[in-house]
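Residues per chain, in single letters:
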Amino acid sequence: MAVTTTNILEERATSISSKQRKGISCEKESVSGAVSQRACVYCGARVVLNPITDAYHIVHGPIGCASYTWDIRGSLSSGSELYRNSYSTDLRETDIVFGGAVKLTAAIDELMEKANPAPKLIFIYATCIVGVIGDDVDAVCRAAEAKYGIRVIPVKAPGFSGTKSLGYQMACNAILEVMRPHREQKKRFGINILGDYNLAGEMWIIKRYFEDLGIPVISTITGDASYESLTQAPSATLNIVQCAGSSAYLAECMDEELGIPYVKVSFFGVEDTSASIIRVADALYAAGACDDGIPARAREFAAAQTAKVMPVIEKYKPRLAGKKAAIFVGGGFKAISLIRQFNELGIKTVVVGTQTGKKDEYAVIESLVDGDTIVLDDANPAELEQFMLEKGADILVGGVKERPLAYKLGVAFCDHNHERRHPLAGFAGIENFIKEINMSINSPVWQYLGKEAAV
Amino acid sequence: MLDLTTSNVMERTALRVNPCKTCQPVGAMYAALGVANCMPHSHGSQGCCSYHRTVLSRHFKEPAVASSSSFTEGASVFGGRSNINTAVKNVFDMYDPDIIAVHTTCLSETIGDDLTSYIMDMDLPEGKTVVHCNTPSYVGSHINGFFNMMMGFMNYLTKKTGTPNGKAAIFPGWVNPGDIRELKRIATLMGVPYVMFPDQSGVLDAPMTGKYEYFTGGGTTLPEIASLGDTEQLIALGEITSGEPAELLQKKWKVPHTLLPMPVGIAYTDAYVMALQKFSKKEVPEELEEQRGQLVDLLLDSHPYTHGKKAAIFGDPDVVIGLTSLCLELGIVPKYVITGTPKDEFTRRVNALLEKYNVEGCTVKANADLFELHQWIKNEPVELLIGSTYGKQIAKAEDIPFIRAGFPVLDRYAGPLMPVVGYAGAIRMVEKICDALMDRQDRDAADEDLEIVM
Numbered sequence: 048m049a050v051t052t053t054n055i056l057e058e059r060a061t062s063i064s065s066k067q068r069k070g071i072s073c074e075k076e077s078v079s080g081a082v083s084q085r086a087c088v089y090c091g092a093r094v095v096l097n098p099i100t101d102a103y104h105i106v107h108g109p110i111g112c113a114s115y116t117w118d119i120r121g122s123l124s125s126g127s128e129l130y131r132n133s134y135s136t137d138l139r140e141t142d143i144v145f146g147g148a149v150k151l152t153a154a155i156d157e158l159m160e161k162a163n164p165a166p167k168l169i170f171i172y173a174t175c176i177v178g179v180i181g182d183d184v185d186a187v188c189r190a191a192e193a194k195y196g197i198r199v200i201p202v203k204a205p206g207f208s209g210t211k212s213l214g215y216q217m218a219c220n221a222i223l224e225v226m227r228p229h230r231e232q233k234k235r236f237g238i239n240i241l242g243d244y245n246l247a248g249e250m251w252i253i254k255r256y257f258e259d260l261g262i263p264v265i266s267t268i269t270g271d272a273s274y275e276s277l278t279q280a281p282s283a284t285l286n287i288v289q290c291a292g293s294s295a296y297l298a299e300c301m302d303e304e305l306g307i308p309y310v311k312v313s314f315f316g317v318e319d320t321s322a323s324i325i326r327v328a329d330a331l332y333a334a335g336a337c338d339d340g341i342p343a344r345a346r347e348f349a350a351a352q353t354a355k356v357m358p359v360i361e362k363y364k365p366r367l368a369g370k371k372a373a374i375f376v377g378g379g380f381k382a383i384s385l386i387r388q389f390n391e392l393g394i395k396t397v398v399v400g401t402q403t404g405k406k407d408e409y410a411v412i413e414s415l416v417d418g419d420t421i422v423l424d425d426a427n428p429a430e431l432e433q434f435m436l437e438k439g440a441d442i443l444v445g446g447v448k449e450r451p452l453a454y455k456l457g458v459a460f461c462d463h464n465h466e467r468r469h470p471l472a473g474f475a476g477i478e479n480f481i482k483e484i485n486m487s488i489n490s491p492v493w494q495y496l497g498k499e500a501a502v
Numbered sequence: 047m048l049d050l051t052t053s054n055v056m057e058r059t060a061l062r063v064n065p066c067k068t069c070q071p072v073g074a075m076y077a078a079l080g081v082a083n084c085m086p087h088s089h090g091s092q093g094c095c096s097y098h099r100t101v102l103s104r105h106f107k108e109p110a111v112a113s114s115s116s117f118t119e120g121a122s123v124f125g126g127r128s129n130i131n132t133a134v135k136n137v138f139d140m141y142d143p144d145i146i147a148v149h150t151t152c153l154s155e156t157i158g159d160d161l162t163s164y165i166m167d168m169d170l171p172e173g174k175t176v177v178h179c180n181t182p183s184y185v186g187s188h189i190n191g192f193f194n195m196m197m198g199f200m201n202y203l204t205k206k207t208g209t210p211n212g213k214a215a216i217f218p219g220w221v222n223p224g225d226i227r228e229l230k231r232i233a234t235l236m237g238v239p240y241v242m243f244p245d246q247s248g249v250l251d252a253p254m255t256g257k258y259e260y261f262t263g264g265g266t267t268l269p270e271i272a273s274l275g276d277t278e279q280l281i282a283l284g285e286i287t288s289g290e291p292a293e294l295l296q297k298k299w300k301v302p303h304t305l306l307p308m309p310v311g312i313a314y315t316d317a318y319v320m321a322l323q324k325f326s327k328k329e330v331p332e333e334l335e336e337q338r339g340q341l342v343d344l345l346l347d348s349h350p351y352t353h354g355k356k357a358a359i360f361g362d363p364d365v366v367i368g369l370t371s372l373c374l375e376l377g378i379v380p381k382y383v384i385t386g387t388p389k390d391e392f393t394r395r396v397n398a399l400l401e402k403y404n405v406e407g408c409t410v411k412a413n414a415d416l417f418e419l420h421q422w423i424k425n426e427p428v429e430l431l432i433g434s435t436y437g438k439q440i441a442k443a444e445d446i447p448f449i450r451a452g453f454p455v456l457d458r459y460a461g462p463l464m465p466v467v468g469y470a471g472a473i474r475m476v477e478k479i480c481d482a483l484m485d486r487q488d489r490d491a492a493d494e495d496l497e498i499v500m
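Protein sequence lines, in the order shown, are assigned to chains A and B. Quick note: to get the numbering used here, add 47 to the position in the first sequence (first position is 1). Quick note: to get the numbering used here, add 46 to the position in the second sequence (first position is 1).
Some hints could be false.
Label-pair restraints from in silico Cβ distances [to be verified]:
#1 B/E293 <-> A/W493: 43 to 51 Å
#2 B/F124 <-> A/A153: 32 to 40 Å
#3 B/R489 <-> A/K161: 33 to 41 Å
#4 A/K194 <-> B/T52: 21 to 29 Å
Cβ-to-Cβ under 7 Å is the rule here; a few derived chain B residues that face chain A [stated by the list, open to error]:
#5 R58
#6 S96
#7 N129
#8 L153
In the BS3-like style, the derived pairs of lysine-lysine whose C-alpha atoms are separated by at most 27 Å in a straight line are [stated by the list, open to error]:
#9 B/K107 <-> B/K230
#10 B/K424 <-> A/K167
#11 A/K395 <-> A/K406
#12 A/K161 <-> B/K411
#13 A/K438 <-> B/K107
Simulated from the structure, these hints should not be mistaken for laboratory data. Beta carbons are placed, not taken as given, at the ideal position from N, Cα and C, and that holds for glycine.
Same shape as in the complex, but just chain A (with noise of 0.2 Å):
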């Protein structure tokens, strides 16, 4: 079926912007019907939770939420792969009748006795139903915690409780949760990395940038992270905040309680890189928790970096400028720096869209791109085929379910979420990038899309 302008619900106009209508309506539920590529609450505190490597992640709830999201995201761990392992509850008929509270303690009580490695540290994700038949979650885990003098932390995500920026909410509660009984610590010279989840490798490369620096990694979150490194994260004098749209909310809780400031960062391209290597810095000094050879290290270290990939762009720049990008992720902070990127590659940005995007993030993007690039908020396949039909992209920017619909589409594909092939991120992810953009607009299998294969 062809999609025409006239067959965008009526819901949703608002949630689009273009030239004629600025100022976008987001942050808000889906339409029941629409083919949203949205998620859950469950799903949001699930993705934020799930790369704690040593934590056992126990799902309370049918066997749907757990099998959903057992070993999805391309996180990796430096150290114990125990979260890569699928553990609930799989409640069944019978518990929905008599309630689920007992097979819960009991599912603890298993893990306790003989689980290998001993847990140090439980999280209970509560999903749509636990609620419903009365499961008191908080009294399961208290007892737990006094049973057996572990950390067992509910999660109460049920997915119709709000949009997934609610379950990123919930995650960063559960995480405080652990942190709170270290919180007086004495303050020492180091960063927490916040919203990186080291999806292959990322957060390590930038890691290594600042310890190159001489300023030392106390915490990242969740990237990688480990129960003891997340008791040390009240430790640290700067938080540096990744995917904003997961995390700053936990910055501000860290800035509230911990008395730790943050900066955002972002780590896409070369413009945000050097911005943010440079940033960072420049705050530790600010805040005097370092000498001025900090500062003027980055600076140098990011001139010399940027010299580097240079050449890479220029390089592949004439293949790919001109083209036309279309940009699909969960978070406005992302959208942004991709703008950037696909700016300073010659690639102009004719559709951008997030799911979970916020007023502020919306008007630096309607900054970015001409006016007229379509914005969009919650898009779904109908509005992201429309657009990006009318728009001529060569190239979509997303997750899973946009891929395929982009190569129906006969347009080039980058997943820039949770499937990601290469490390997009820092100086290494810039090449990275620059390399799957033109291995897709540029494989020879687009030539075969006609009737006839070209000869």
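Fit chain B to the given chain A structure using the hints.
This is chain B only, laid out in the frame that chain A set:
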């Protein structure tokens, strides 16, 4: 270091570790995608629909379109009636399917939404249909969801005009589009006019055309589903997946059925061919005879490399039963055979197979999980692992050759286009099995033992 499993087998009653199943709604969604111009609709929170679409997309490498009622806090208190009403209106307005196939979720089941009455009260546009089925996530597995959706369609749509239509109905069970194409090819070769229900071929294996369509034109059509009541005979494949829908068609419209295992391997494919022959009363054509002969020839040629090898097979009940049968035909010992779906019938059927081949010392279990399987393998290893992508970690930890089959396969391409069923599917699987075993032999061979001719 993915190997956290210890050999000390851990008895569990409450904790599920590394499941070998998922929940009902995704099965319902997959079944509904096999109906032409149909929008599968998930009546629950948005995450359910998103997860199901994601896993289907990851398996088929195709778009999987479905809509959601997008439950909010309010719906969970006051019920989902207004959500489904809004959703149905929006879906018809915007995507214009012929039919919306609603399935429930754990949430809408628990709060007690009565879809039958909601749908009855709907004011639908001319010529449009809404059907539903109940798919409580806490009962059975995704396999139940699949057959419940089939029965949902049948309850709403099937009729009996009184005039038999001269066709056979074929229920393929939960298989890939490549399997359905093979089942159809065989039925056509056997000269049997049929209605295949459901039919995801042409939907989830649709070709690249440069045009994106929600509804590809593939799938069982609504008149075809309606005509199931007029078919003369039903051939239902996959005893566990297709059993209940077959019973329903018999009870509702007195259509007699032959319930067969998923036709994997020689014996089970023979059974399918014989059932078709019983219907058409025609000779088995040379083309099929020839292919069967090739398969037997292949088994004979390769048996020194397969005979006596020990395998672990896991996945959905019907495909596992089929693969177990094929393994036994190859002389492979199916040391561990498990499914995550809680069905005692599974163990009965597999044990009957083992008895038929006089094979002892195997462990068969339904309602099992992969952690358990891994522990058994630690205690007594196998030489081959067959199942979904989730076997990957076990295969790597234990260094076992691994063949992907069943659902979901998230980490390889082309699988859904190819058959496992039929003689062609068996030839393909034998090639995979031999490749896996013989590649391993080559890899492990000392330089002086590496053989050019095998």
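Now for the hints, and whether the structure bears them out:
{"no.": "1", "hint": "B/E293 <-> A/W493: 43 to 51 Å", "in the structure": "50 Å, holds"}
{"no.": "2", "hint": "B/F124 <-> A/A153: 32 to 40 Å", "in the structure": "34 Å, holds"}
{"no.": "3", "hint": "B/R489 <-> A/K161: 33 to 41 Å", "in the structure": "35 Å, holds"}
{"no.": "4", "hint": "A/K194 <-> B/T52: 21 to 29 Å", "in the structure": "23 Å, holds"}
{"no.": "5", "hint": "R58", "in the structure": "5 Å, holds"}
{"no.": "6", "hint": "S96", "in the structure": "4 Å, holds"}
{"no.": "7", "hint": "N129", "in the structure": "5 Å, holds"}
{"no.": "8", "hint": "L153", "in the structure": "4 Å, holds"}
{"no.": "9", "hint": "B/K107 <-> B/K230", "in the structure": "23 Å, holds"}
{"no.": "10", "hint": "B/K424 <-> A/K167", "in the structure": "26 Å, holds"}
{"no.": "11", "hint": "A/K395 <-> A/K406", "in the structure": "22 Å, holds"}
{"no.": "12", "hint": "A/K161 <-> B/K411", "in the structure": "22 Å, holds"}
{"no.": "13", "hint": "A/K438 <-> B/K107", "in the structure": "25 Å, holds"}
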